[in-house]
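K.L.:
Chains as they are written, first to last, in our numbering: chain A, 2 to 349; chain B, 2 to 349; chain C, 15 to 629; chain D, 15 to 629.
What the hints contain is simulated information worked out from the structure, not anything from laboratory work.
Beta carbons are placed, not taken as given, at the ideal position from N, Cα and C, and that holds for glycine.
Wrong hints could be hidden among the right ones.
[As the list claims (entries may be wrong)] Calculated from the model, a selection of chain D residues having no Cβ within reach of chain B, i.e. all distances over 12 Å:
(1) 54
(2) 226
(3) 244
(4) 339
(5) 521
(6) 549
[As the list claims (entries may be wrong)] To spell it out: a stretch of chain C is covered by chain B in this simulated footprint if at least three of its residues, at any positions, have a beta carbon under 8 Å from a beta carbon of chain B; those stretches are:
(7) 284 to 291
(8) 298 to 307
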Amino acid sequence: MKTVVDKLLARPHTGNLVYSAKDFKPDVDVRWCAGCGSISILSPAQRLMPELGIPKEKIVYVSGIGCSGRFPYYMDTYGFHSIHGRALPIATGLKIARPDLSVWVVTGDGDNMSIGGNHFIHACRRNVDVNIMMFNNEVYSLTKGQYSPTSRRGQVTKSSPLGALDDPFNPVALALGAGATFVARGHDKDRTLLQHMLKRAYEHKGTAFVEIYNNCRIFNDGAFDLYTSAETREDHTILLEHGKPLLFGKGRNKGIILDGYTPRVILLDQSGHSLSDVIVHNEKDSTLAFILANMTYHEELPRPMGILQAIDRTPYEERVVEQIEHERATKGEGDLQALLAGDSNWLV
Amino acid sequence: MKTVVDKLLARPHTGNLVYSAKDFKPDVDVRWCAGCGSISILSPAQRLMPELGIPKEKIVYVSGIGCSGRFPYYMDTYGFHSIHGRALPIATGLKIARPDLSVWVVTGDGDNMSIGGNHFIHACRRNVDVNIMMFNNEVYSLTKGQYSPTSRRGQVTKSSPLGALDDPFNPVALALGAGATFVARGHDKDRTLLQHMLKRAYEHKGTAFVEIYNNCRIFNDGAFDLYTSAETREDHTILLEHGKPLLFGKGRNKGIILDGYTPRVILLDQSGHSLSDVIVHNEKDSTLAFILANMTYHEELPRPMGILQAIDRTPYEERVVEQIEHERATKGEGDLQALLAGDSNWLV
Amino acid sequence: MTKISEHIEEATIRFAGDSGDGMQLVGTQFSETSGFAGNDLNTFPDYPSEIRAPEGTLYGVSAFQIHFSRHPVYTSGDLIDVLVAMNASSLKVNLPNLRKGGIIIANKEGFDPRNLSLAGFTSNPLEDGSLKDYEVHALDISREIKAALESQKIPSKLIGKTKNIFALGMAYWLFQRPMDATLNWIKKKFRGKDDVITANIHALQAGWDYAAGNPEFTRQYIVDRSSLPQGQYRNITGNEAVAIGLVTAARKADLPLFLGSYPITPATDILHALSGYKKFGVRHLQAEDEIAGICSAIGAAFGGSLAVTTTSGPGLSLKTEAMGLAVMTELPLIIIDVQRAGPSTGMPTKPEQSDLLMAMFGRHGEAPLPILAAASPADCFDTTLEAVRLALKYMTPVIVLSDGYIGQASEPWKIPSVASLPDIKAYFSEDAAGFAPYKRDEKTLRRQWAIPGFEGMEHRIGGLEKEDGSGKVSQDGANHERMVNTRQEKVDRIALDIPDAVVEGESEGDLLMISWGSTYGAARTAFERLRKNGYQLSFLHLRYLNPFPKNLGVILNKFRRIVVPELNTGQLQFLLQAKYVKPVTGVHKVQGKPFKSTELEEKLVSLLTHKEIIV
Amino acid sequence: MTKISEHIEEATIRFAGDSGDGMQLVGTQFSETSGFAGNDLNTFPDYPSEIRAPEGTLYGVSAFQIHFSRHPVYTSGDLIDVLVAMNASSLKVNLPNLRKGGIIIANKEGFDPRNLSLAGFTSNPLEDGSLKDYEVHALDISREIKAALESQKIPSKLIGKTKNIFALGMAYWLFQRPMDATLNWIKKKFRGKDDVITANIHALQAGWDYAAGNPEFTRQYIVDRSSLPQGQYRNITGNEAVAIGLVTAARKADLPLFLGSYPITPATDILHALSGYKKFGVRHLQAEDEIAGICSAIGAAFGGSLAVTTTSGPGLSLKTEAMGLAVMTELPLIIIDVQRAGPSTGMPTKPEQSDLLMAMFGRHGEAPLPILAAASPADCFDTTLEAVRLALKYMTPVIVLSDGYIGQASEPWKIPSVASLPDIKAYFSEDAAGFAPYKRDEKTLRRQWAIPGFEGMEHRIGGLEKEDGSGKVSQDGANHERMVNTRQEKVDRIALDIPDAVVEGESEGDLLMISWGSTYGAARTAFERLRKNGYQLSFLHLRYLNPFPKNLGVILNKFRRIVVPELNTGQLQFLLQAKYVKPVTGVHKVQGKPFKSTELEEKLVSLLTHKEIIV
Ligand SMILES: Cc1ncc(C[n+]2csc(CCOP(=O)(O)OP(=O)(O)O)c2C)c(N)n1
Ligand SMILES: Cc1ncc(C[n+]2csc(CCOP(=O)(O)OP(=O)(O)O)c2C)c(N)n1
Ligand code: SF4
Ligand code: SF4
Ligand SMILES: [Mg+2]
Ligand SMILES: [Mg+2]
């Protein structure tokens with residue numbers, strides 16, 4: 002049965018549908034520090050929006066608290082700058098209530114991995130169709146520099162003056178362990194890759210998790226240089242491409258093979274290794290995805306960038322709708338008067 | 002510097018140190034339903050205690066809320082029946098403050114995977130030396146039968162009269178994704194295995210996670226029969242033993258091989274397969290652990306029981322103590338008067 | 015054998031036995047039948063916190079009590095007239111509440127040595143004369159059933175399952191109740207299992223016949239139809255009333271209904287009911303915890319749903335931060351708290367009214383929101399509708415307080431026709447031109463409800479303080495003060511939109527009793543009885559706890575003494591004293607049990623006879 | 015060039031510039047130096063919520079204010095006497111608070127067209143005469159430094175970094191301050207970087223010389239030593255005072271200290287400080303969220319630690335359920351809430367006093383606990399010690415309320431000798447014989463503290479209601495009521511163990527002002543000034559908000575009018591009215607800023623001149 006909301010939403014979009022990136026730039030000044038990685042993440046996101054070909058009023062950005070949380074103010078769509086760690090449950094309720102919307106969550110390593118950790122793993126499990134952009138700067142920035150669940154062991158911060166004692170989460174491994182269907186990683190210095198992954202995340206039906214390395218100039222400057230700077234990045238990252246062999250390095254002369262279950266680096270055409278020994282990436286193989294995810298903190302291995310896994314599973318909100326439709330199809334629309342009357346009643 | 006607590010705890014244990022299981026049975030009647038799996042889990046736990054060879058006052062059981070939460074009342078040690086989902090942070094604080102204690106957490110699939118999920122993954126990451134017994138009955142029992150995060154999709158419960166829409170967590174996979182060092186699984190019908198695993202969990206330095214299938218007679222009866230009943234269990238479970246090939250089935254004539262990264266069942270000495278093709282279990286290999294964990298919901302594969310992974314990583318509380326000792330060794334014991342005086346002060 | 019049949023005004027019967035004995039079931043049947051018979055009634059199920067406590071134990075006793083009358087009934091009864099005790103423990107536990115001279119129907123099987131010792135009896139009360147003050151009917155139910163059903167050659171394992179039905183049959187005879195409703199129910203419930211049907215039907219009849227044919231039973235009691243207003247009736251519990259109230263309100267407001275909830279006793283029934291209403295398009299998320307429950311509801315509210323979250327005390331504690339967000343974002347949201355005995359886990363299955371001050375103040379910062387409380391099972395329906403009306407009209411979260419007593423108790427409810435129900439309206443933003451998210455309606459101060467999908471109204475909301483009107487983030491001091499006051503003013507203005515408080519009895523004078531929530535039943539009963547006995551006092555029930563009705567202050571000043579009975583240590587008392595700076599006498603009970611009307615009666619009598627104020 | 019030097023009673027200087035201009039740093043130096051010079055003082059850092067807001071913006075202005083005097087000082091000053099403005103925005107933002115005739119030292123570089131437009135100036139205030147009411151000294155600091163340091167051939171990028179130090183030098187000249195302390199600090203701070211040291215040393219001197227040699231500067235102001243009691247002093251912020259207070263209390267009680275916390279502005283400094291005190295054996299867990307923070311502390315308390323959790327409003331909201339558990343398990347626990355402007359995220363960097371009612375009632379069920387509030391930065395130390403004393407002596411969680419103002423403000427603190435500090439004792443169970451976890455001390459009602467490791471005292475605690483004494487789980491109604499009352503009584507008895515409230519001024523009469531928390535400073539200043547001006551009024555400061563001092567009721571009844579200034583909409587006012595049923599006049603400010611003493615003064619004067627009660 003249609004409600005007034007359905008009727009209001011049925012009104013046709015009257016304005017132009019061909020947008021440019023700047024249609025998504027509200028005229029407020031961006032309050033991130035000059036040189037903050039977040040600024041470099043914002044632009045591919047803004048450039049992606051016109052590509053979606055949907056009315057901007059159908060797009061919602063939900064964020065938690067953190068520097069990253071300011072994102073919605075800089076994207077001229079509907080937005081919700083919620084409370085710390087709760088962007089995902091809010092987005093979940095919104096998407097279940099409104100499957101017609103394109104729902105994005107912008108969060109941070111503290112917001113999503115620390116206080117929001119439970120909502121994150123349950124989002125991965127439920128597979129509601131929301132796209133998660135996690136700005137990982139390996140520190141709590143808005144609160145001026147404490148270690149986070151992705152900070153490295155030994156990292157010196159305001160709350161770990163003698164070095165952090167925790168080992169970090171491996172966000173992509175956590176997502177896979179929790180049952181996420183779409184898991185990817187990128188960084189603030191490669192906007193093209195980022196825009197591509199965000200597009201894929203948008204197209205993916207179900208929860209899409211994109212970890213984005215984000216350089217915090219003030220509290221953790223250079224944390225990702227090894228993986229993002231022109232000099233070192235070829236040798237220290239590997240770009241995952243579906244169906245392609247895992248090659249990297251200047252001149253792509255290095256590859257990843259499995260010895261036992263453990264990934265190792267080989268030099269092509271040396272020590273008798275050939276291209277055929279090299280692992281071929283397969284987004285649909287969740288075991289491989291986990292093997293790749295586990296490469297993360299091994300300094301002798303390149304850090305995987307790109308889409309680790311993209312498998313299909315019906316999004317949760319579709320199941321909700323199906324169940325309702327099926328029930329209505331078989332039992333008919335609910336009769337309110339009958340509900341009030343109940344199964345057994347009597348006349349006085 | 003020693004505090005009064007150190008002094009009080011330095012008092013020697015005066016009583017007998019040779020216990021029997023019944024020394025750990027308080028004289029209260031067990032209020033679990035007749036035939037509840039929990040009762041079968043209690044006894045191996047009680048039988049294990051004397052084996053530990055430590056004074057009972059050094060043992061603490063912390064639980065959350067749920068049927069499983071009653072456990073501490075049935076174990077005559079120190080105990081804390083806390084609030085829903087919070088047993089782990091309480092145990093974490095206790096263990097960091099008191100590394101001398103043997104700290105056990107008893108929780109349920111709702112308590113630990115639902116409301117307690119964040120504390121669970123952070124415990125796995127931090128690796129505080131607590132032993133987690135998760136009673137998984139794939140339902141919320143104390144609240145009289147709603148589906149839980151480990152309930153199967155389609156499961157009909159009071160809160161899913163038309164079938165649950167969620168896919169379940171795979172608790173062992175989640176633990177691995179979160180970085181757990183010790184991950185095991187058992188069930189209420191095999192007390193010997195259970196007692197053995199709990200012993201190993203106790204010996205493990207760091208967070209030990211033991212998922213225990215627990216039959217709820219009232220709200221989810223028979224959920225695990227396939228894996229626990231005498232007729233079916235050999236064919237539907239596989240016992241993981243370090244260094245041993247993965248064999249199962251009546252007469253252990255079936256084995257698990259990897260085809261690509263995917264486990265498959267083979268019949269030994271058929272279709273040209275021999276024992277040498279069969280995977281050999283290695284508790285120290287976290288990739289293998291994940292492969293095995295992923296077998297969980299594949300009905301054509303046997304369900305792994307036993308210890309999936311046991312790797313070494315310094316427990317968090319030891320790091321805390323080390324950091325303090327090191328600081329004291331290098332900078333000396335803190336001088337309170339100096340702390341009050343601060344770096345810069347003046348005379349009036 | 016001649017039997018006397020006596021007309022009586024009212025009676026209270028209690029079925030008590032082991033968790034496994036099916037007492038809840040026969041209790042429900044007896045109340046349905048009493049309803050059909052035109053009585054007004056009130057029931058209360060009373061079960062152990064253990065799921066299946068060991069058989070025969072004191073803490074394992076499960077009971078169901080029905081108070082039925084030819085007059086209006088407001089409580090499930092103070093004292094028991096007829097106690098059906100299936101075992102020794104259920105006798106032991108309930109004897110203290112049995113009226114002297116009351117009837118005991120005891121199943122001897124439950125009084126074997128093991129049961130007696132579990133109940134802590136040193137000798138068998140059925141034999142040692144300790145029950146001489148009561149009319150005791152002891153029988154071996156199984157034997158009687160076997161005897162009666164011999165002919166039917168019914169498998170004896172089935173017979174064991176019909177003991178409760180046999181007892182029900184006896185109870186029906188005792189009150190001359192027609193059995194057809196139950197007979198139909200049996201046929202429906204066990205459709206397909208013919209042997210079960212026959213067994214039960216015969217057991218029911220056998221129970222009736224046993225009493226009829228047994229010289230011990232000399233009297234039948236007839237409770238005549240009550241003068242309930244004409245109409246179609248059903249029995250309804252408070253939790254059911256909330257659930258269908260929400261569906262109704264959503265239909266009335268023409269909004270989709272969203273529930274974000276996490277199970278918790280005694281609120282879970284609401285989740286259960288709503289999860290079954292798929293036909294009505296209800297979307298529900300059983301969230302990972304209470305925080306996700308309310309946050310998902312906030313998200314759904316942002317999307318244009320009538321959003322609801324349901325919980326009990328511990329869950330309300332966890333929702334505090336998100337409630338503050340709902341206050342700040344000024345989104346409509348219904349928060350239902352079925353209170354239980356705290357603090358902490360407390361006594362989860364027992365009712366209490368101790369969340370009022372937390373509902374009022376349990377958020378950091380200045381975060382006011384409206385609070386309503388339901389007075390009875392049926393009133394849960396109306397209160398829910400009213401909460402929704404206010405939430406939508408003022409764009410605000412609203413807390414509805416119920417409790418474990420009215421949530422699970424039931425009473426007859428006159429089924430309203432949908433058409434007759436009050437209108438409820440949602441106010442969506444209409445015009446993109448000049449749109450601003452915090453532009454307010456002048457009268458209600460309601461802000462805009464512009465949901466994603468509305469073209470040209472793209473905007474951002476959140477937890478940071480924002481500029482009034484534009485809704486832009488603002489950290490300006492003067493603006494903050496204005497917003498804090500506006501949020502308060504918005505709630506205060508609701509006082510102009512709700513009915514004035516109504517005083518019953520003397521319109522002014524010595525003593526005014528004020529009840530709220532489930533205290534209503536006992537308070538009204540006591541009030542009416544005292545009035546009947548010629549006492550001069552007044553009575554007022556408060557549904558609206560924040561804001562208070564606008565005439566409340568004036569009313570308070572018309573009385574020398576204000577008395578507030580509460581199942582807490584004086585929370586409404588505290589609010590009234592703070593707001594009206596007038597001393598209030600509290601009557602407090604914190605035992606995880608509702609007031610007995612007699613308790614209040616005695617208290618009031620002593621107050622009315624000693625004139626000095628007691629604070 | 016002759017300069018007059020004038021002795022003045024007190025002054026307020028404010029250094030204002032971009033986040034990057036190092037204003038906090040020079041502000042700190044100026045206050046240290048003023049301390050050394052024997053002034054009493056009070057400082058407040060005032061920085062934007064953005065980490066590094068864009069340069070030159072209004073919202074990016076970062077400032078540090080110092081109020082120093084030869085008399086006792088209780089606030090960081092109402093009006094600014096000297097404003098150092100490094101750019102146009104910092105002038106724009108602070109002008110409203112600059113005393114007419116006040117001095118402006120402006121860095122011309124910050125007044126270029128771009129800066130002017132960012133600040134919203136249409137013309138340059140340094141030139142358009144709009145500042146004629148002030149004494150303006152405009153100069154191009156970089157140029158002056160270059161000129162002065164030419165000889166030193168210092169790399170110009172370094173020079174850019176010394177502008178703030180140059181300005182500091184000017185300020186030092188203005189108040190004839192010795193510079194040695196700052197010189198030493200420079201040498202210490204930049205040890206190893208000789209060029210930086212020289213650059214700064216010369217810049218400082220250059221600033222001094224510039225003022226000294228500049229005919230525009232005709233006057234130096236001398237604020238003489240105050241009559242602070244003799245002793246060793248330091249500057250201390252409230253957050254520092256809490257941190258070292260906790261370490262001290264733990265030492266005094268001879269307990270290990272455990273902190274379970276999650277970062278949140280403005281409380282995080284306490285976590286920062288304690289995480290550095292490893293030498294003192296402090297164990298801390300930066301938890302995954304506030305719930306884990308308090309729960310880990312509860313676990314540590316169960317294990318025998320002095321357990322603490324620190325947070326601000328949103329975090330306190332999240333801790334509610336666990337606070338209830340701490341109340342139920344009766345474990346000692348210190349909960350520190352550094353309040354900020356709410357509701358929800360609100361204005362995170364601004365102070366407010368709006369968590370009082372939540373601290374009091376923000377838990378489901380009846381869950382009373384003691385509440386203390388600190389009055390000033392230094393008072394945070396004593397209040398923390400007192401909170402620990404009560405937590406251990408009564409086995410109860412205790413909430414300490416501070417706020418973002420006193421948390422970050424600093425004042426001179428007379429360094430106590432450890433020996434002189436009050437004793438604090440932990441009460442552990444001694445005897446396994448006859449041990450029961452809820453056996454109580456008769457006087458305090460304190461239950462047993464038997465920690466794991468104590469032989470023969472194995473027991474279980476938890477959130478379910480338990481039998482008094484034995485501590486066994488009990489769902490018995492009478493026991494529950496007894497326990498609810500006992501938990502309340504235990505808190506109430508603390509009133510017998512704390513100092514009586516003290517009235518200053520008239521011991522009875524017309525008007526009594528009651529302050530709590532950080533309102534103390536402005537209230538006392540206003541009170542003393544009014545007394546000096548011959549007004550008759552009285553003043554009382556409340557450290558203990560639950561329970562209130564036992565003589566408070568008696569005191570209230572001695573006055574016709576009670577006035578309570580609060581940075582909220584009347585929360586203490588509400589508590590007083592509810593408890594003492596006496597009307598209280600509230601003075602409310604909810605602007606994320608502390609009261610100015612002059613605001614209160616005016617309000618009080620109007621009250622004192624219009625005698626009718628205002629509620
Ligand atoms: C309930 C609550 N707890 C704590 C805070 C304080 N807080 C704000 S942001 C933040 C951490 C942010 O870290 P991250 O998510 O990594 O964001 P970043 O600033 O690094 O982008 C914290 C602890 C808060 N606002 N609310
Ligand atoms: C804060 C809070 N929320 C909800 C509840 C209600 N509750 C008690 S136990 C439980 C779920 C228990 O499920 P599980 O952990 O699987 O334990 P089981 O009873 O199945 O052993 C819930 C939702 C509670 N006690 N506290
Ligand atoms: S503090 Fe770090 S993360 Fe935050 S805006 Fe500045 S650079 Fe970016
Ligand atoms: S309800 Fe289920 S889990 Fe709980 S005690 Fe009974 S059988 Fe065990
Ligand atoms: Mg971060
Ligand atoms: Mg369970």
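K.L.:
Output the indices of the hints that this structure fails to meet, ascending.
P.N.:
Per hint list: 1, 3, 4 violated.
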